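Starting from the known structure of chain A, arrange chains B, C, D, E and F on it as the hints suggest.
Protein chains in written order, with our numbering: chain A, 1 to 293; chain B, 1001 to 1293; chain C, 2001 to 2293; chain D, 3001 to 3293; chain E, 4001 to 4293; chain F, 5001 to 5293.
These are calculated hints, taken from the structure and not from any lab test. Keep in mind that this is a model prediction, so the values were computed, not measured. Using N, Cα and C, we set each Cβ at its ideal position, and we do this for glycine too. Just so you know, nobody snuck in bad clues.
Distance windows between CB atoms, simulated: (1) ALA5228(F) to GLU3197(D): 42 to 48 angstroms; (2) SER1211(B) to PRO209(A): 47 to 53 angstroms; (3) GLU4007(E) to GLU3196(D): 30 to 36 angstroms; (4) PRO209(A) to ASP1015(B): 20 to 26 angstroms.
Within a straight-line C-alpha distance of at most 20 angstroms, the following computed EDC-like cross-link-like pairs (lysine to aspartate or glutamate) qualify: (5) LYS83(A) to ASP166(A); (6) LYS2212(C) to ASP3166(D); (7) LYS5083(F) to ASP5015(F); (8) LYS54(A) to GLU3274(D); (9) LYS1212(B) to ASP15(A); (10) LYS5011(F) to GLU5171(F).
Short derived list, chain D residues pointing at chain A, Cβ under 10 angstroms: (11) THR3098; (12) GLY3105; (13) LEU3160; (14) HIS3162; (15) SER3225.
Protein chains: 6
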Amino acid sequence: MFLHRQELQFKSTPDKPDAVYARKLQEVLGGQYGEITVAMQYMFQGWNMHTPGKYRDLVFGVASEEIGHVEMLATMIAQLLEKAPLGITEDAVQDDPTVAAVIGGTDVQHAIVAGAGARPVDSNGNPWQGSFITASGNLLADFTANANAEMQGRVQVARLYHMTDDAGVRELLSFLLARDTMHQNMWLAAAAELQEEGAETMPTPSNFPQSKEFTEVSYQYQNFSDGAQASEGRWAKGPSVDGHGEFTYHDGPTTTAPMPPPTHPDSRLYGTTELPNTVEKVAGLAQDKLNKE
Amino acid sequence: MFLHRQELQFKSTPDKPDAVYARKLQEVLGGQYGEITVAMQYMFQGWNMHTPGKYRDLVFGVASEEIGHVEMLATMIAQLLEKAPLGITEDAVQDDPTVAAVIGGTDVQHAIVAGAGARPVDSNGNPWQGSFITASGNLLADFTANANAEMQGRVQVARLYHMTDDAGVRELLSFLLARDTMHQNMWLAAAAELQEEGAETMPTPSNFPQSKEFTEVSYQYQNFSDGAQASEGRWAKGPSVDGHGEFTYHDGPTTTAPMPPPTHPDSRLYGTTELPNTVEKVAGLAQDKLNKE
Amino acid sequence: MFLHRQELQFKSTPDKPDAVYARKLQEVLGGQYGEITVAMQYMFQGWNMHTPGKYRDLVFGVASEEIGHVEMLATMIAQLLEKAPLGITEDAVQDDPTVAAVIGGTDVQHAIVAGAGARPVDSNGNPWQGSFITASGNLLADFTANANAEMQGRVQVARLYHMTDDAGVRELLSFLLARDTMHQNMWLAAAAELQEEGAETMPTPSNFPQSKEFTEVSYQYQNFSDGAQASEGRWAKGPSVDGHGEFTYHDGPTTTAPMPPPTHPDSRLYGTTELPNTVEKVAGLAQDKLNKE
Amino acid sequence: MFLHRQELQFKSTPDKPDAVYARKLQEVLGGQYGEITVAMQYMFQGWNMHTPGKYRDLVFGVASEEIGHVEMLATMIAQLLEKAPLGITEDAVQDDPTVAAVIGGTDVQHAIVAGAGARPVDSNGNPWQGSFITASGNLLADFTANANAEMQGRVQVARLYHMTDDAGVRELLSFLLARDTMHQNMWLAAAAELQEEGAETMPTPSNFPQSKEFTEVSYQYQNFSDGAQASEGRWAKGPSVDGHGEFTYHDGPTTTAPMPPPTHPDSRLYGTTELPNTVEKVAGLAQDKLNKE
Amino acid sequence: MFLHRQELQFKSTPDKPDAVYARKLQEVLGGQYGEITVAMQYMFQGWNMHTPGKYRDLVFGVASEEIGHVEMLATMIAQLLEKAPLGITEDAVQDDPTVAAVIGGTDVQHAIVAGAGARPVDSNGNPWQGSFITASGNLLADFTANANAEMQGRVQVARLYHMTDDAGVRELLSFLLARDTMHQNMWLAAAAELQEEGAETMPTPSNFPQSKEFTEVSYQYQNFSDGAQASEGRWAKGPSVDGHGEFTYHDGPTTTAPMPPPTHPDSRLYGTTELPNTVEKVAGLAQDKLNKE
Amino acid sequence: MFLHRQELQFKSTPDKPDAVYARKLQEVLGGQYGEITVAMQYMFQGWNMHTPGKYRDLVFGVASEEIGHVEMLATMIAQLLEKAPLGITEDAVQDDPTVAAVIGGTDVQHAIVAGAGARPVDSNGNPWQGSFITASGNLLADFTANANAEMQGRVQVARLYHMTDDAGVRELLSFLLARDTMHQNMWLAAAAELQEEGAETMPTPSNFPQSKEFTEVSYQYQNFSDGAQASEGRWAKGPSVDGHGEFTYHDGPTTTAPMPPPTHPDSRLYGTTELPNTVEKVAGLAQDKLNKE
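In isolation and in its complexed conformation, chain A is listed as follows (with noise of 0.2 angstroms):
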């Protein structure tokens, strides 16, 4: 059950109004590492998971606090477009090619379908869509998935910061950067917690029993480009990181197979088979099928 408090996390104003900057900021509004992105994903993570305590109470804890990030940056973006030129007529002016530089780089649904407000979409203007979450149950995997949402996350504030002088988006950039640098450090410290624990360890998931991997090439380098240097990693030799094996490096594949003669599924799918099949096709035992029907 959630509960809404008409109040902001932290301040979100905007010293003066930018269209150009608005559909820019949508992209960690509504993009695919967006705040709708990680607070969906942490609640359905919450509500999929299998075990009480801490880490469900995390989920849940960080899921709430991140729709509030996306109200926090839908409220800066209407305010943005508030005293914005949207394209009415007269923002419009033929000879002022400032005016029409800046109305070409804004998303016109903010204005046409919106009316100046924000929208559940990314900078390009792509719907948000479920299939931008990760949720599968097994908590090494979702909590790394999370570390790299977050760490996306900060990547694009970060680039955002830089394209702006605004003063208050500033500020508000600003907060969601540490919430950011937090959220970065306690995914990865609950990934550390979950291995420790044992609940969940490495390779994922961890109870799986690796015999049952065809394990010649569990800790292989396979180099299937020319590039020699691949092989100077810490991926090409040495312990693995999970502890259990020994990393090889291999200039391309270990192992080949020939590739399996090509099918022949029922010719009422109406496939191009070779020459001689499709004679004995027409003429003679699929007609026969044929006649039947």
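For chains B, C, D, E and F alone, kept in the frame of chain A given last:
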């Protein structure tokens, strides 16, 4: 440049047809974390990479292996479909519920669209899409994304392993499981090496000066849910993972701000405003504007 | 700002597992008119609203309830999946068509991707998307969208009610049906109040001056099909609903205009044009342009 | 069956080229509430309708008009693009920012993909999709969806009206505005008539017995946000719109239930569970199961 | 302008209900190559066509027929669903696997969303989308697209023919097959005529001067796989189809170029670069830039 | 199996940065007819092909070349972005409209998401998707699809050629144009050879017996529009292309059938029906059913 060799990295032939399982296998071919995703993800990381040498050789080396995995899975799927009932009339004998049940569980486009062939879709028939991949140019973030992708992939393959008892299929899966084990280890090794070399450290992006973030909240766990046990995790106390701070625990937000007042964009966007404004708008100032046009 | 409380608005526990029904229930969680849609729709309407007070309090008040409904449904789905056969080998005994039939009707990603958990998708596995929501800033239009969403939602829940005889599931549905009843009534009441207060009236947007529309056809029913009975409806005669006109009935269009001649864009866009032009283009004028480059 | 006539319902010719505006106009052609949506929505409502006569004649009569509106808009867009700069080399003279600004605001696929033609996409280039339409078979719900679609459509056209001063474009828009006025009125008239005739009443679906819903909460406004003014609306007291109940106001939920305990699906789905269970799983019972395979 | 007539081009009534088949039939209604695709494709080709006369009359003439085919299929689907078991409680008697199997194979949204009606989706429930169509303005390319669409369509209908033995359904399919035969022939005839008239010839676009292409490789088959038999085809020797060159066969590429060095974009985009650069970036030049802001 | 070589098939370096053009070039990388599409299309055709030998060697041979084209384009895009203004603060000096205009025309995700790198999207930022490809197993249909893809591709590259005067970019395009010339010729040659060998002839699929189609309309042009000139084309008279019939011309349909009566599905799907039925349903028979539950 890519060159194709008409052989496989591993044997990929089922013991018997199974169209229902063919549908399930689509998940690891064309799903969010299927082989198309990792192949494309690593390729784009390579093309966008700003540093020559071992990391770039690494992503190219693995990217190319992964397209070969797409090929092994597609080949397997075509064979699983080859002799399987796919809805051709006599298959679905009305009084044989077993056959009907089987056909009901297949991907019907396998038959209607592909004529018993594989498709670039997931196990629910959703087409693969470019938004599944991650290639930000920030290697610590991207290698974490890669580690996650291989973890999710191995979890899915492990699940699929228990959904068949076909020895041929299981053999292929045991190979993929081993490669996922390697690739999980490899990306975490690469992420560790990046940090040891100082090319990129936590929090990512590491050369964004933390002095510009709102540092007061950089290491605070703020609990927006009422589950108390989140305070027991490693993320709630002790040194942060990045070594730059000390985790603290807070019940709820530590900062607050009032919501800014509602926006009032140009009246010609026809958003509804409070009544006095409306009256004014209809009767007065806005009318003037409207008349002018 | 949102706060999460680890309790539900209503009991959400099934009597027995049912993975097929779990898939169906996804429709009202993540479908076009599922609970994610209404939660997000009302939130964005709140963030984009231009008027403080009762209407904004209303959308925030209900938006937050709706995320709780997402939570109840996700919780229910996870439980329906908990002990259900999901394709793990021994479940799908080849000679037990009942089990095969059940598994054939499930969302296979429930098992493969989510490990027996809920997902942000509809009952066919299509991911939820941002383009499902409506938040235009025009409250009469948006409250009508909301009334529709609650109507479609109640129709779907009513259908789902008859697709199970699980008392626990039906109890939850009876709760959702009642809330849909309230919400249908509520949005129509809000739409009526808006009009009574004159904040927005018909036709919406009401402060676009009707004098600027082509008023000759503002209240004409024009029949572009050959079914004659459309003339018998209330929309074919009598005063219009908005009170500004009188409905009339016309068989077919009342206006007509010739199609403008085909366009001839720049020849370097390589569209095909009529022959004389082509000859000319190849031999003459256009050639000059091409040569210049 | 549909027959095409090579004339338009109204004049559709711009005074001058304007590729930026052509992009904007795509919204009402191929957007969520564009003409393709209403055309397809009414058609599917017709094909799925369970009752012959005036309502079916109505949806067919209007559906067919709406495809003609798609045609008028596509024709207009092609003309707006005809002589406009679209990025052909000499258009984008480096030192003419006006031209660059114009081209920056266009839909670049208009030129690259369609050769200066219209496309079935919205103003951000997102393709039209089948999930935009609504056709449930319940006429009260569907006519409300239709009223909403025409309201959103008229709001968008009104906004677009102020984004151009081209008299030819405005003339077409004034026609579309008038038809939207009619169609808003028409669908509300149809919804009213349905209810008067008793074919469908509130709450929809009306023949689902309300006795089966959890009637205690059927007319309660429950406030999940802290804005107090929601208590002042018509939805908070007095008789309900459907005449079956009395609105009441409640601060927060009136019912509560504990969250059910976390689920524990089959261990071979490899979700992470609490530690004791994990130990058990690795060491004991589950191991047996795993060994058997 | 389109006019609707309440009759069909051909009889469209099944002998008996079949909800599983109704789902399959969705493919040729709303799939990639379904009737919505061809109807919309031909319409947009018409609206974007630059030449009046026979070709434009042709696309309009057929476009309109195709919407009628959508109508016939939608009508058929609604009838196939009418009396079929769709999951209503008593249908799915737990101990009748046949019924369960049937329901498992249906499109569950047919029941939940559309109330036993057709939907604008494919046989896997993916919504139809605008990106399925092709309308480039280049008629030789577009007529080839059309020929392909009708070929794919006829293949799919032929497959569907063998997935039912319902005489009513087969009768409709036999009609659609005949029309696909005509339409395949028609588009190839139109493509041939275009070329005979010289309006557009091979390679398309024909008035792009071939002198501007890198002609050395214009007629070379380059074999990037190790299958040797590609050298035996007509594309490997002899005159080219367009009559402008002579096919040659080459094992692998005939040209080569080194990969350009990795890019180094602005450091404030926070991509990871090689170490020396990083050190420099952190310690020196870039720091200055950062400090300035 | 695929092997990567760190070299390109052709030189791919621009003379100068151009972020606006980088966005446009995305169309032929990740658009409907971009290089990802053809690479994936030919691969899936190979994996699904039922005949060994020259045709399978052909699709594999070309598929692999096409991934190399993706690589050349991605490499080019990264370089076009390298030194270009991408919105970093000082780039967008408020009083320099030229820079603002440039930035307004870029793909903002190039900077925010990819850090000046290429992405698997089209020129409007829509992600590439699996539904762009065609691989039916029927080779005549698929080779026609391939010919179309190469035609559309060459048209788009020709358009892009005129949107830049960068010699480096044009050099790459001249190479791609030449390869498109070859590939158009190649697929048409392959389609011709297929027919000469009799493996597949017109109408496709050729071994579906034409006696089962409704032959009366197999060679009729039926004109559903009022443009009379469609009668002048080669499709309106003379022998059909497949040599099996004689084209005829008809103004409108040659067959007709009444629309079947509306369907009446189970009342518990809550579709609205005509009034008498409703009364009956509420008062009588259906009530009984409802009571039973």
